[in-house]
Each structure stands twice: as structure tokens, then as C-alpha cells.
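Undergrad: Sequence:
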Amino acid sequence: MNRLYTVYFLEDGDRLRIDYSPQPSLDAAYLRAEGALLSSPLPAWAASSLVKCLRGGLFGPPRNPKHLAMRADRWLRQRGFSPPLGDRRLRPGTIPQPLEQSEATIAGRLLLPTEAARALGRPCEEDLHLLYLMGRCDRRPGIDSDGCVRCGSQEVQRDYCPLCLREDCGRCPDCSSMGEIRSCRLLYFAPLRERGDPCQIQPIFPGELTLAQERASLQLKDVLYSSREALIWAVCGAGKTEVAFPAIADALARGQRVLFSVPRREVVIELEPRLKKAFPGLPLSVFYGGRGEWGPLGPLVLATTHQTLRFYRAFDLAILDESDAYPYRGSRLLPRALKRSLKEEGRLVYMTATPSPALHRRARWGRIPLIAIPARYHGHPVPEPKLLARPMSHTPLRLPPICWEIIHMTRQQGFPLFIFVPTVALSEAVGSHLSSQLGSQVDYTHARDPKRSEKRALFAQQGGILVTTTLLERGITVPCADVLVLFAHHPVFDAGTLVQMAGRSGRSIQRPWGDVYFLGRRVTAEMRRARHMIREMNRLAREGGYLNEERSS
Numbered sequence: 003m004n005r006l007y008t009v010y011f012l013e014d015g016d017r018l019r020i021d022y023s024p025q026p027s028l029d030a031a032y033l034r035a036e037g038a039l040l041s042s043p044l045p046a047w048a049a050s051s052l053v054k055c056l057r058g059g060l061f062g063p064p065r066n067p068k069h070l071a072m073r074a075d076r077w078l079r080q081r082g083f084s085p086p087l088g089d090r091r092l093r094p095g096t097i098p099q100p101l102e103q104s105e106a107t108i109a110g111r112l113l114l115p116t117e118a119a120r121a122l123g124r125p126c127e128e129d130l131h132l133l134y135l136m137g138r139c140d141r142r143p144g145i146d147s148d149g150c151v152r153c154g155s156q157e158v159q160r161d162y163c164p165l166c167l168r169e170d171c172g173r174c175p176d177c178s179s180m181g182e183i184r185s186c187r188l189l190y191f192a193p194l195r196e197r198g199d200p201c202q203i204q205p206i207f208p209g210e211l212t213l214a215q216e217r218a219s220l221q222l223k224d225v226l227y228s229s230r231e232a233l234i235w236a237v238c239g240a241g242k243t244e245v246a247f248p249a250i251a252d253a254l255a256r257g258q259r260v261l262f263s264v265p266r267r268e269v270v271i272e273l274e275p276r277l278k279k280a281f282p283g284l285p286l287s288v289f290y291g292g293r294g295e296w297g298p299l300g301p302l303v304l305a306t307t308h309q310t311l312r313f314y315r316a317f318d319l320a321i322l323d324e325s326d327a328y329p330y331r332g333s334r335l336l337p338r339a340l341k342r343s344l345k346e347e348g349r350l351v352y353m354t355a356t357p358s359p360a361l362h363r364r365a366r367w368g369r370i371p372l373i374a375i376p377a378r379y380h381g382h383p384v385p386e387p388k389l390l391a392r393p394m395s396h397t398p399l400r401l402p403p404i405c406w407e408i409i410h411m412t413r414q415q416g417f418p419l420f421i422f423v424p425t426v427a428l429s430e431a432v433g434s435h436l437s438s439q440l441g442s443q444v445d446y447t448h449a450r451d452p453k454r455s456e457k458r459a460l461f462a463q464q465g466g467i468l469v470t471t472t473l474l475e476r477g478i479t480v481p482c483a484d485v486l487v488l489f490a491h492h493p494v495f496d497a498g499t500l501v502q503m504a505g506r507s508g509r510s511i512q513r514p515w516g517d518v519y520f521l522g523r524r525v526t527a528e529m530r531r532a533r534h535m536i537r538e539m540n541r542l543a544r545e546g547g548y549l550n551e552e553r554s555s
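Under the numbering used here, the first residue of the sequence shown is numbered 3, with each subsequent residue one higher.
Cross-link-like lysine-lysine pairs, in silico, BS3-like; alpha carbons within 25 Å at most:
hint: 1; residue 1: 54; residue 2: 68
hint: 2; residue 1: 345; residue 2: 223
hint: 3; residue 1: 223; residue 2: 341
hint: 4; residue 1: 279; residue 2: 223
Since the hints were derived computationally from the structure, they do not count as laboratory data.
From a predicted model like this one, the values you see are computed outputs, not experimental measurements.
Let the sequences and hints guide you as you build the complete structure.
TA: Structure follows, in C-alpha cells:
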């Protein structure tokens with residue numbers, strides 16, 4: 003059921019207070035003032051627009067209550083709404099008590115009344131409205147003249163609304179997966195003002211930090227005292243997550259609230275036990291689609307980047323891991339939501355193996371402090387890819403002879419082989435073709451494959467050849483693996499994606515080197531840029547004294 007809002011005025015001394023409310027009698031009781039109704043119940047967008055008009059707008063401030071009522075009636079009729087009927091006098095109602103639970107629910111959040119009710123276990127819009135009157139929270143229609151208030155999108159669609167029954171109600175399609183936002187519904191939001199209790203806790207690491215990790219963690223703690231942002235650029239498999247633990251502990255010791263955010267839900271699930279082991283006994287709030295969405299905000303919060311759409315000025319420190327990963331990468335909305343989740347003086351740390359060109363430029367020009375972790379734990383350089391250009395086609399499928407040479411060489415050595423292709427159709431075509439030629443040692447998978455988890459686990463255990471898309475560019479470690487990127491010239495393979503795929507090789511101490519091939523119709527700028535990024539990190543690792551290359555000779 004949709005809530006409607008009534009516009010009213012109250013005579014507050016010499017001043018006319020004009021506003022809208024789900025229950026105007028509540029406003030009269032709280033403000034201890036008399037007044038009258040100026041509208042029948044309206045959708046949020048209409049109530050908000052009428053209030054703006056009556057407070058001044060194009061016609062200047064109202065002269066007296068009668069003039070105010072005439073202006074309101076004219077505005078309503080022009081837009082197809084009925085003026086209020088019968089007695090317009092506004093009588094005080096009953097003030098709900100207490101408000102502590104409702105205030106705790108909205109603090110640090112941006113929520114629809116239905117979402118707040120779900121969190122609290124009962125309807126609570128009167129509570130939220132009273133908090134608004136007290137200046138403890140704010141509110142806006144879900145869609146206003148600037149677009150969607152929750153995600154910032156300006157791609158608003160107008161269509162029939164089953165809630166307000168209007169044919170042109172604004173709706174945001176970009177964040178609808180988080181619950182539908184419409185112009186007829188209000189969003190309530192409030193910063194989290196209360197500072198938490200100091201938590202004196204020393205993080206427990208899963209193993210001894212490498213020299214590169216230790217230096218990076220100390221740098222990060224120092225940088226965050228003087229800078230609002232920082233970039234941790236680490237090679238794939240360098241253990242960047244643990245580097246943030248001392249900075250998190252330092253913030254917690256000062257009673258600050260920390261957000262650890264990642265783009266992908268499966269990474270949240272994987273990180274939860276790691277963070278619990280690192281910070282034993284500390285309350286950890288976990289948020290992703292279908293889990294914990296209305297729970298309390300503890301001192302340490304682990305959440306997907308999509309969940310930041312519901313946070314508002316809540317955190318003193320935010321750590322964004324995998325800032326290069328989909329759906330954060332390329333999103334116009336999620337970076338805005340992440341920054342809005344920070345308090346006014348909050349600090350943000352980006353962690354990635356493949357910084358975006360814009361982030362890389364900011365670091366290179368000294369606009370954001372750069373902390374590098376250029377070496378893996380085993381002290382060997384990251385395998386540098388070989389760039390190969392050969393004729394090939396996908397319709398019909400034709401693979402160049404060198405592709406077969408690479409496959410046969412890897413099979414003879416007994417190493418697992420990732421074969422990355424740019425599309426689902428190619429994963430099935432290449433996988434089926436190789437399977438018909440090479441037998442049961444070949445499998446293929448992609449995001450639409452219902453058995454992708456089983457195939458991924460089987461490949462990690464038994465090796466062989468796995469043809470896949472960017473689905474497995476990150477989040478999987480297969481010891482001793484080689485990597486072949488087929489159709490590497492395809493535009494879906496940008497430099498960051500290519501670096502991530504190359505990073506599947508050389509991760510284990512058993513074989514800390516490996517072979518990586520980028521094979522396309524031509525050598526693209528993105529292929530060269532990916533190789534340059536890997537070479538640059540290897541150079542930094544050598545200069546920092548982090549490599550022990552004689553072991554691989």
C-alpha cells in the first residue's frame with residue numbers, strides 16, 4: 003500500500019510553516035501550533051512540488067492563510083487533483099513514543115518507509131516523520147528534478163504506477179534490483195552521528211606478512227592520517243586484503259566505523275570467515291542481496307558495493323577491494339553511492355591489481371597516494387605474456403596452428419591450462435571443438451552454465467583444460483596453471499581484464515612461474531598495455547628487493 007502526504011500550514015508566531023506530512027495532526031501536536039490543510043492526500047512528488055510553490059516559487063511568498071489556500075487550490079486543479087473537502091482545520095494528534103529504535107534504524111541509512119518497517123518489524127513512517135520534524139533525519143521524493151535520489155541516475159522512466167494510479171509516475175530502472183524507487187514514494191535518510199566505542203584489537207594474520215605486505219601496511223596507516231584517499235596497487239596473488247587489516251584496527255581503536263566493500267557477492271561470502279578470524283570477537287555486519295540488508299551497522303561492515311546504495315554518511319573509513327571488478331567497474335552509480343556512504347571527513351582506500359586508467363592517472367600525477375605491492379609471497383616475478391598475432395575466425399571456427407602447439411606443449415608437461423575466450427558462444431564452440439579432438443580432459447563453462455561451480459572445483463582439483471569467459475578472470479587459484487587468451491584482440495578484453503587473466507599463472511610455490519599467451523588476429527593497444535603493467539610491477543619488485551629470482555633459474 004502506498005502512503006500519501008497532505009500539505010498543510012501552521013501558524014508559528016508571525017510565520018506560516020508550510021510542509022507536507024503522512025499525518026498532519028502529528029506535526030500540529032509536535033509543533034504545538036494551529037493551522038489548516040491545504041490539499042487532499044497526494045503522492046510524494048506532488049506534495050513536495052506544491053510545498054515548493056507555496057513557499058515562494060514563481061509567485062513569491064504567501065501574504066496570508068486565505069491567499070495561501072487560494073494558491074494551493076489553483077495549483078491542485080491545474081494538475082488534476084481535488085482540493086480538500088469539508089473542515090480544513092488541523093487538530094493536534096498523538097505523538098508516538100519512544101523513537102530510539104526508529105532513529106537507530108535510519109541512522110547511516112537511506113531507506114523507503116517500507117524498508118525501515120521491515121528492519122524495525124512494524125510500520126514506522128510516523129516515527130520517521132517526527133524525526134524529520136526534530137531535525138534528526140531528512141527526506142526527499144524518490145525521484146526529483148535531479149533524477150533518482152538513491153542512485154543518482156537521470157535515466158528516469160515515466161509510466162503507470164499501481165501505487166499512486168498516475169500514468170506518468172517517475173521510476174528508476176537502474177537501481178530497481180534494490181527495491182523500486184518512484185516519485186510518489188519518500189526516501190528518508192540520516193547520517194550516523196554517534197561514534198562507536200573504541201575497540202582495542204590486534205588483527206590475526208593467516209601467515210607471516212611478506213616484506214612487501216609489511217611495508218605497504220605501514221605506508222597505508224601513515225597515509226590515512228594525512229590523506230582522504232589512497233590507492234593500493236598489488237599484483238594478482240600478492241595478498242592485498244591483509245594489508246588493510248592494521249589500518250582497520252587503527253580506525254576501530256579510535257571508535258570509528260569501517261566498511262569493507264567488494265563488488266561481487268561471492269567474494270563477500272569468501273571474505274566473511276577471513277575477517278572473523280582476523281578480528282576475533284568483533285561484531286561483523288554482513289550485507290549482500292538476500293542477507294542482512296536491514297540489520298544493524300556494527301563497528302566493521304562487510305558489504306557488496308550495491309548495498310552502499312542504502313548507506314548514508316555512516317563510515318569513517320571505507321576499503322574498496324577489487325575496485326576494477328564488475329559491476330563496480332564501468333558503473334556511474336556505485337562510485338557515487340560509495341562516497342555518499344562515507345562521513346564528511348571519511349577516508350577511502352582503493353585496492354586493485356588493475357587500476358582504471360583514470361585512477362592510474364591520478365596516482366601518477368600525485369593526486370592520490372600510491373602504495374604498491376609488486377611481488378607475490380613466493381618472491382618470483384609475475385609471468386609476462388607473449389603477444390601473438392595470427393589469422394583466426396569464430397564463424398566458422400578456425401584456430402591457428404600455434405594454438406594447437408601451445409595446447410599440446412602444456413598437456414605434455416602435465417600442467418592445467420586456462421583458455422579464455424570473449425563470449426559465451428565462443429566458450430561453447432571452442433570447448434566442444436577441443437573436446438572432440440582431445441577427449442575428456444577438456445571442459446567449458448560460462449556465467450549461464452548451471453554447473454559452473456562444479457566444473458570450476460573439478461578443474462582446480464584435477465587440472466586439464468578449461469575453456470571459459472571472463473567469469474574466471476579472478477577468484478580462482480589453480481596450482482601450476484598456464485594461460486591462453488584466444489581472440490585476445492576482442493574489445494571485451496581490456497588491459498585490466500587481460501592482466502587478471504594472466505594473473506592466474508605462476509601463483510603457487512610448486513611452480514611460481516608459468517606461460518601466458520595473448521593470441522589474437524592482431525596485437526592491440528590493450529594487449530600491450532597489459533604487458534606493460536605486468537612489466538612495471540616486476541620492475542618495482544626488483545627495485546624494492548622483493549624478488550628471489552635465482553630460485554626460478
